Structure formats: C-alpha cells, structure tokens
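Student: What follows is each chain in one-letter form.
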Amino acid sequence: MEIVRPQWKPPSNDIVSTLPLYRSAPALEVRLEDFELYAMDRLRVLKGISDGLSRGKKPEEMKNLVNDLWKVNMKHPQASEVFNKDVISHFVLRLVYCRTEDLRKWFLSMETALFRHRFRLLTADSQRALLAELGLPYKAVARAEFEVIKEKLVQVARSISQPIPSSDAIFYKVPFEEVPELVAGRRIFICKGHAYVAMNQVVSLVVTQFRSLLSKALILTNRKWTSMIREQEKDRLTPIVESLCSSYLGPDYSQPNEFAEISVKDIDLVAKSSFPLCMRHLFEKLREDHHLKHGGRMQLGLFLKGVGLKLDDALAFWKAEFSQKVGAERFDKEYAYSIRHNYGREGKRTDYTPYSCQKIISLTPSVGDHHGCPYRHFSEDNLRAALSRMGVNNGAVEDVMDKVRNRHYQLACTLTFEAIHGLSCDAGINHPNQYFSDSQKILKLKSHSSEQGESTAD
Amino acid sequence: MVEIDNGRDDMLIDGQRLGNAATDGFNANYLKLYYGKLFPHADIFKWLSYANDGKHPACDKSYFGRREFSFTLDNDIYLRFQSFSNESELENSIKEKCPFKIDIGPVYSVDPAKRHAYSQSGNNVFTPVERELIFDIDISDYDNVRYCCSGADVCLDCWPLMTVAIKVIDISLRDDFGFNHILWVFSGRRGVHCWVCDGKARRLTNEQRTAIADYFRVYKGNENSSKGVSLTGHALHPFLVRSYTEVLKDFFETKLLSSQNLFSTQERYEKILEMIPDESVTSEIRGKWESSKRSSISKEDINVVRWEQLKHTLQSGQKKAQGLRRCVEEIVFSFTYPRIDMEVSKHMNHLLKAPFCVHPKTGRVCVPIDPKHCEEFDPTLVPTLSQLLEELNIGGLRADDDNECDRTSLGKSLSFFRSSFLRPLLKSCKEEMESLHNAKLQQSKNSLSW
Ligand code: SF4
Ligand SMILES: [Zn+2]
Chain A
1 MEIVRPQWKP PSNDIVSTLP LYRSAPALEV RLEDFELYAM DRLRVLKGIS DGLSRGKKPE
61 EMKNLVNDLW KVNMKHPQAS EVFNKDVISH FVLRLVYCRT EDLRKWFLSM ETALFRHRFR
121 LLTADSQRAL LAELGLPYKA VARAEFEVIK EKLVQVARSI SQPIPSSDAI FYKVPFEEVP
181 ELVAGRRIFI CKGHAYVAMN QVVSLVVTQF RSLLSKALIL TNRKWTSMIR EQEKDRLTPI
241 VESLCSSYLG PDYSQPNEFA EISVKDIDLV AKSSFPLCMR HLFEKLREDH HLKHGGRMQL
301 GLFLKGVGLK LDDALAFWKA EFSQKVGAER FDKEYAYSIR HNYGREGKRT DYTPYSCQKI
361 ISLTPSVGDH HGCPYRHFSE DNLRAALSRM GVNNGAVEDV MDKVRNRHYQ LACTLTFEAI
421 HGLSCDAGIN HPNQYFSDSQ KILKLKSHSS EQGESTAD
Chain B
1 MVEIDNGRDD MLIDGQRLGN AATDGFNANY LKLYYGKLFP HADIFKWLSY ANDGKHPACD
61 KSYFGRREFS FTLDNDIYLR FQSFSNESEL ENSIKEKCPF KIDIGPVYSV DPAKRHAYSQ
121 SGNNVFTPVE RELIFDIDIS DYDNVRYCCS GADVCLDCWP LMTVAIKVID ISLRDDFGFN
181 HILWVFSGRR GVHCWVCDGK ARRLTNEQRT AIADYFRVYK GNENSSKGVS LTGHALHPFL
241 VRSYTEVLKD FFETKLLSSQ NLFSTQERYE KILEMIPDES VTSEIRGKWE SSKRSSISKE
301 DINVVRWEQL KHTLQSGQKK AQGLRRCVEE IVFSFTYPRI DMEVSKHMNH LLKAPFCVHP
361 KTGRVCVPID PKHCEEFDPT LVPTLSQLLE ELNIGGLRAD DDNECDRTSL GKSLSFFRSS
421 FLRPLLKSCK EEMESLHNAK LQQSKNSLSW
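Each protein sequence line maps, in turn, to chains A and B. Position 119 of the first sequence, counted from 1, bears residue number 119 in full-length UniProt numbering, the numbering being contiguous throughout. Position 29 of the second sequence, counted from 1, bears residue number 29 in full-length UniProt numbering, the numbering being contiguous throughout.
Bear in mind the hints are in silico, worked out from the structure with no lab data behind them. Being a predicted model, the structure only gives us computed values, none of them experimental. A hint or two may mislead.
As the list claims (entries may be wrong) - Lysine-lysine pairs mimicking DSS-like chemistry, simulated, CA-CA at most 30 Å apart:
(1) K200(B) / K105(A)
(2) K139(A) / K152(A)
(3) K249(B) / K192(A)
(4) K173(A) / K440(B)
(5) K359(A) / K75(A)
(6) K412(B) / K101(B)
(7) K101(B) / K192(A)
(8) K152(A) / K427(B)
(9) K173(A) / K412(B)
What the hints assert, rightly or not - Label pairs and their computed distance ranges (CB to CB):
(10) E151(A) / D60(B): 51 to 61 Å
(11) S150(B) / N394(A): 42 to 52 Å
(12) D102(A) / E246(B): 56 to 66 Å
(13) R128(A) / R174(B): 52 to 62 Å
(14) K288(B) / A144(A): 22 to 32 Å
(15) R158(A) / H373(B): 44 to 54 Å
(16) T238(A) / L79(B): 35 to 45 Å
(17) E376(B) / D102(A): 41 to 51 Å
(18) D370(B) / D426(A): 57 to 67 Å
(19) K311(B) / L213(A): 48 to 58 Å
By construction, the Cβ of each residue, glycine as well, lies at the ideal position given by its N, Cα and C atoms.
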C-alpha cells in the first residue's frame, strides 16, 4: 500500500470546528486510492452545486441541495475519517484546479458556495467560533451609536423585507469593502465607508474572508505546483491530478453516443433540428465565411466529434469550407493537423473532450470570434434575433431573456430547448452534446409515432 | 483664422493631416499647439503620481511608470500600453505623437511597456494593481426619456439629466462610501466621467467595484436596456430615499416635466401610463385626459397639471395599494435616475479618456465640473480648441510662457482642478504616506527592541 505524505507544513494547531477553513494542508497519511476517491467525491458535490446554481436555484433550495450532496458523497464509514476526507479532498482538488485562471475561478466559486451553505447549517455557537477562528476584529456597534442610526437600520430592514431590528440587536460595523455582496444588493446601511452588518448577515462577512483566503492560496498552490510539486510527485500524485483534471463527471461525450455516426450529408439537417444555439451559430458562420478562428474550430470541432462525425468525415467537412477561403493546399498544411489532433492520437491517455456548457460560458471570445455561449456573449438584440431565427416564439423569448439577465445561461438554453421541442427538459442543459442527444431522442420518438399514424395535428 | 508666430511647429505637421481637418475647428495642427502651450502635462503627472514623486522616503518611485496610457492617433491608430517614467517623458511623447485621444488605464504590477518580458517568465505577474474607481455616464443612454435630442446630441433641455446624475452619485460616494477625492469631467460631447481617487478607491478589487456599481443600479434587466425601474420592498433603501427627496423628485417636477413635455401628447403620456400596473387607474386617467384635450384653456402647464392628477389618483385613499403608491417613485426614477455604464466601473483595466483632452468631433476640451455647482455647468460654453487658440493669439506674446493658460478661458478650469482637486488630494496622499512610513519605522523599532 502506498502512503502519500503531503509536503506542506503541518497546521500549527488542531482545528476542532466541523467546518474547516483549510488554512494549511493536513499532515495526514492517505492511501493513494483514497486520494483519488475522496477527490472524486468532492468533485461530485461541487459539480452538483454548479448545476444547482446554473439552474437558478434560490438560496434556500441551495442550502438543501448542498446538505444532500454533502451527505450522499462525503460520508465515511469511520466517523473520525469524515473530517479528514473533507480536508484531504479539498487539498487534492486545489492541486487539480489551481492551474489555469478558468479552473481557479470555477473552483473558487463552487468551494465558496459550498462553504456558505455549510456555514448557514452550523449552530449559532459554531458560527461564532468560526468568526473567532477567522480572527475578524469586529466589535458590535455601541448602544449610543446604534440609537443614532437606528432609523436607517430599520429602513434598510424594511426595504429588504427583513424583521425590524430589536433594540438589543447586534450589528457589526465593518469597512464596506468586506461585504461586497451586501453592498451590491443594498442590503445594508452604509455611512462614510462603514457598513452596518446585522447578525444574520454575518455569513457574508465570513464568506468574503474565506473567498479571499482561498483565492490567494490557489495562486500560491499554482506556483508551488509548477515550481516543485509536479516534478517531485511525477510518479505518484501528478498522474492522478492530471487525470482528475481531464475527467468530466457527467456522461462521457468524447465517445460518440448511441445515435452515433452522422455523415457529412446529414449535418445541415441535424444542425437545424438539434444543435444548441452556440453550435448553430458557429456552424452558420462557418458556412457563411468558410472560416472560423481557432476558438471556434475547437468548440465546434470537438462537438461534432461527440456527435459522431468520424475523423475522415470531419476532415472532408472542414476542408470543403476552408478551401473556399484559403485553398485546399493551405488547409492541408495548416488546419488539417489540428483536426486530427482533436481526435486524439493513439496511445495517448487523454483525448480532447467536447466542451461542456460551463467551459463554453467561461470562454472570452474577442473580436472576430464566434465561439462562446450566445446566451452569455451575445448582445440582447443579437440574441433575440438568433432565437427568433431558431423558431422560438415571442413569449418564450422573453422568458429566455429573463434568465439571461439573471445570468442563468444554461437555464436560458434549457428554455430554448423546451420551446423548440415542445417538451420539458428536466435535467437541464449542461453540455452541448447532451442538448444534441436529447434533441435527437425526442425527434426519433416523434417520427416514430408519426410513422405509426399516431401523430397529433401539429 | 489663427495665426501664431511659431512657424516651426507648423512645419512639422505634414500636409496630409491638415487635409484631414475635422469639424468645428478641430485638427491636428491646432492640437499640436494645444499640447504645446495649454495642456497641463505637469498637473496630470502630479495627479497620477499620487505623491510618489521621489521626495518622501516612503514613496514608490516606480508608481507612475507602471501606469498605462493609450493614445489614439490620427487615422485611428491605437497605441496601447504606453508608459512613462517621468513628467518629461510623458510630455514629450504627447507632444510628439499628438494623440487625438489620450486614455488612462490602470497601474500594473510591472511596467506595461515591458509586459512581454515578464510574461515570458511564466508567472503571470502582469496584472492591474491599482485603478481609480471610475464612472461613465452618457446622455445617449437617456434616449427613451428625452424628446429634444437623441444619440450624441445634447442641449440645455436634456443636459440637466447629467447634472442630476452627478449630484446623486457624488453625494453617495462621499456620504455613503466615505470617498473624498472625486473628480468630475465633461467627456467633451455627450456625458460626464467621474474619477474617484482616494487611496482606498484605487485599491478596490473588481468584485468590490462591481458591488458599488450594483449599489447604484436600479434598472432591471441588462445594463444597457434600461427598460424601467422596479422598486420593491416595504420601504426604499436610505440611499434611494435621499436621492429621491433631495434631488430627483424636485428635478422631475420643476424641470423635466416641462422641459421635455412629458405629458403633452397622448403618445408621451401613454409611455408613462404603461408603467402603472393597474388597468382601472390608467383607464380612469386616460378618460380624463382625452376629454380635457379640447378644453385646455388653462394657462397652467399641462404637464404639471397632468402629473398632479396622476399623483393624486395613485396616492388617493382607495388606491392605497402599496404597489401603486410606489408607482410615483418608479416613474420619477425611470426618468431621472443616473444611467451608469456598468462595465466601465466594474473592472480595473477599463480605459477612460484623460481630463483636458479635446474631443475630436466637437473640439471641446474635457474640463472638470464642480459637483457643488454642477447646475451652472453649460456644455455649450465649454471652450473649444479654436477658441482657445484665438484667445492665445489675442493675448499676444508675453514673456512668461508658463501662465499662458491663465489668459484663456481654460484658466478657470485649470485653477479649479488645482485648488479643489489636486491640492487636497496630494495633501492627503502625503499624509497617508507619512503615517504608513511612521508605522513601518515603529515596527522596525519594535523588532529591534525585541
Ligand atoms: S448553454 Fe451550453 S449548449 Fe446552450 S448555447 Fe450555451 S454553451 Fe451552448
Ligand atoms: Zn436635448
């Protein structure tokens, strides 16, 4: 059995709270298998949170979701191991997710959401203990000051439909910079740079601290990873980390699915019926301009691979377009390679996986690029126009726009799916290839029933 | 035409650029003179150095040199990531390149001109570390509430919308957020820019900037759609209450109603009635107004009369429903509340045009606006490039080159910039530096005594 002993320094004191702050890596001995398993379990929790958020769940629903996810995935037969599993899995994922800006961003927001809801589930005593542990140097607002601003505090409470603070309510006075989310929502009274935070809003203070600690830690971890850990651990941890990083926890869309295999001649048809907006847009632009920039080629190319376009067909397909613009010769020289590359070479452990919505939404297309998620990256007008070209009716367009405004892009996409197919999509859209395969399933069913003469009048 | 005795400068300007002479007395030729004689290079340098000018032992000598400038040259050539290590480098480069527009970006972790050298080293060290908190408010975002102009046009009937925006934001930045060093600048054509320069404003993270921008946001939906205002909750937040009672309500009722004739035609008042979610109320009012159309003998302003009627109906006894009472406020907010370009404020690395630039389309100088007297500001009276050069010319040649500016109508703007903004700012920067320095000294003393 192989034992992994992390190289970092041990914590200076024993943490007793059930909600760790992950300040320093534990000096624990862990079996290599557990290392990976724990991380996978935690990743399931984070992934669940991410899905919940993108489906626009409310704070209360999120709290329950987090609670359930945690219970299901993070349990351990030995009670004493639960805490270790929590800490170890967190630190393993730090290694996995420290390596690019996008990964860090995702990890940071999911871990912060997780922390937020776990904090809310704590007892008042544990909450206070954690405040102390964070060393937040805030004193409660003194009586005299409280009386002076009481009227404003009441006003704020009424404006956000919270109970009116009683005369012995505790408020903390903190620099407004430390509670950005309360500032953003006008959920606090601010005066001369000081924010007056009610006891039930303290979670926001704690979360901000947690977030900034973790954010700094991730940058450090990244430095350590590139400067030493990767090399030191190249026979043990590094392969695990790399495979964790490339594993996508949903269904594996890198392998063509059950409806697999589409041929070049069918592409136009299925593009119209079953491509999500992001891919339709790329596809149409490619047909129009006979060219796509790198980001677009990757996003569409990998998607088509997932849809079931074979390598040879893919080459033919891209060549037919590009050669109209750059000539066949240049295509063979400059572009064919990367398409082959997308299909991965033999013997290579990782292969290029089609992008998930999460990934596409986090891309930052710039001038001349057509990749990215239209719900996120299009202007309102362009998005409206695109939706109506897809055949989404006006009412549904408004619903979609509403989701977009609240930044629930995948929900917006789900609504579009539902509007077009006339059926609900309970799982939500998480992956363009899922959109495609769900769409194909529905269409097959429909055509089936109409063949049998059972079709309803459309 | 302007004739100034400096033939040498003129010779440097190639004929092609002269051929490009733009509208209203703006051309590269004039601009060159402006940068040579009037543009306050030294003041801009002092400002953006924030007292890091080499005199105090605690100052950061690399500070100014890590600031990004970007120049837009004639023919839309765009030079980003320019940096200057001192005042004369800045001045020389501006004079030489004669940019149509100068933008100011953030202070980076390293000299932005050398960013490539750093990016090679692998660690992503090229990143913005400081930036003024900025706001950009543009009159063209108010097109659905003004009838006098549209797009980039602005007149004295709609400009007061900008005045109101300045007041609302300025008061809140000072009273709520506790900032002191705030510079408002005319953008040269159709709006205003705001620079919040306090140390703690410059050090805000993107997340904190976004929070402040959101604090100011009342429009539902997308930043740019400004569809309408929705005020929910049992009461308004104190910031909104203050904005409403101290600024917006009065402006709406005594100025905007009449200047924009908000109720004068059916088409216009329908737009307002649309904001009321109660059919019975709107049809009652509609009935009244349609029948009164012909019999309008009254001398009173019809806009005021109809607004009072509307208010009365919404606030009268039976219509007490919370939502309806809120309608009055929602209407006022929809028409008058500042419309900030959120994206500009949210990120450290957004560029913003430097004060005292000249707008290429109008030829007007981006002069500071005094928020305490912003209602007196008249965008149509802002000095233009050609006017300034003429004034210089009339003034003739005088011995002291330095004060040439004072002879022109730019002098007032410059002395306001210096006395009301720059001097207090530098004073507090020095104090901050001093106390930081002392704290450090104290610390090292302590550690010695250990
Ligand atoms: S939500 Fe996903 S599938 Fe839908 S358009 Fe965006 S990236 Fe594509
Ligand atoms: Zn006007």
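Student: For each hint, tell me whether it holds in the structure or not.
Tutor: Against the structure, the hints come out as follows:
no.	hint	in the structure
1	K200(B) / K105(A)	holds (25 Å)
2	K139(A) / K152(A)	holds (20 Å)
3	K249(B) / K192(A)	holds (24 Å)
4	K173(A) / K440(B)	holds (27 Å)
5	K359(A) / K75(A)	holds (29 Å)
6	K412(B) / K101(B)	holds (22 Å)
7	K101(B) / K192(A)	violated (35 Å)
8	K152(A) / K427(B)	violated (33 Å)
9	K173(A) / K412(B)	violated (42 Å)
10	E151(A) / D60(B): 51 to 61 Å	violated (44 Å)
11	S150(B) / N394(A): 42 to 52 Å	violated (27 Å)
12	D102(A) / E246(B): 56 to 66 Å	violated (45 Å)
13	R128(A) / R174(B): 52 to 62 Å	violated (35 Å)
14	K288(B) / A144(A): 22 to 32 Å	violated (53 Å)
15	R158(A) / H373(B): 44 to 54 Å	violated (35 Å)
16	T238(A) / L79(B): 35 to 45 Å	holds (43 Å)
17	E376(B) / D102(A): 41 to 51 Å	holds (50 Å)
18	D370(B) / D426(A): 57 to 67 Å	holds (59 Å)
19	K311(B) / L213(A): 48 to 58 Å	holds (52 Å)
Going down the numbered hints, you'll see the structure goes against 7, 8, 9, 10, 11, 12, 13, 14 and 15, while the others check out.
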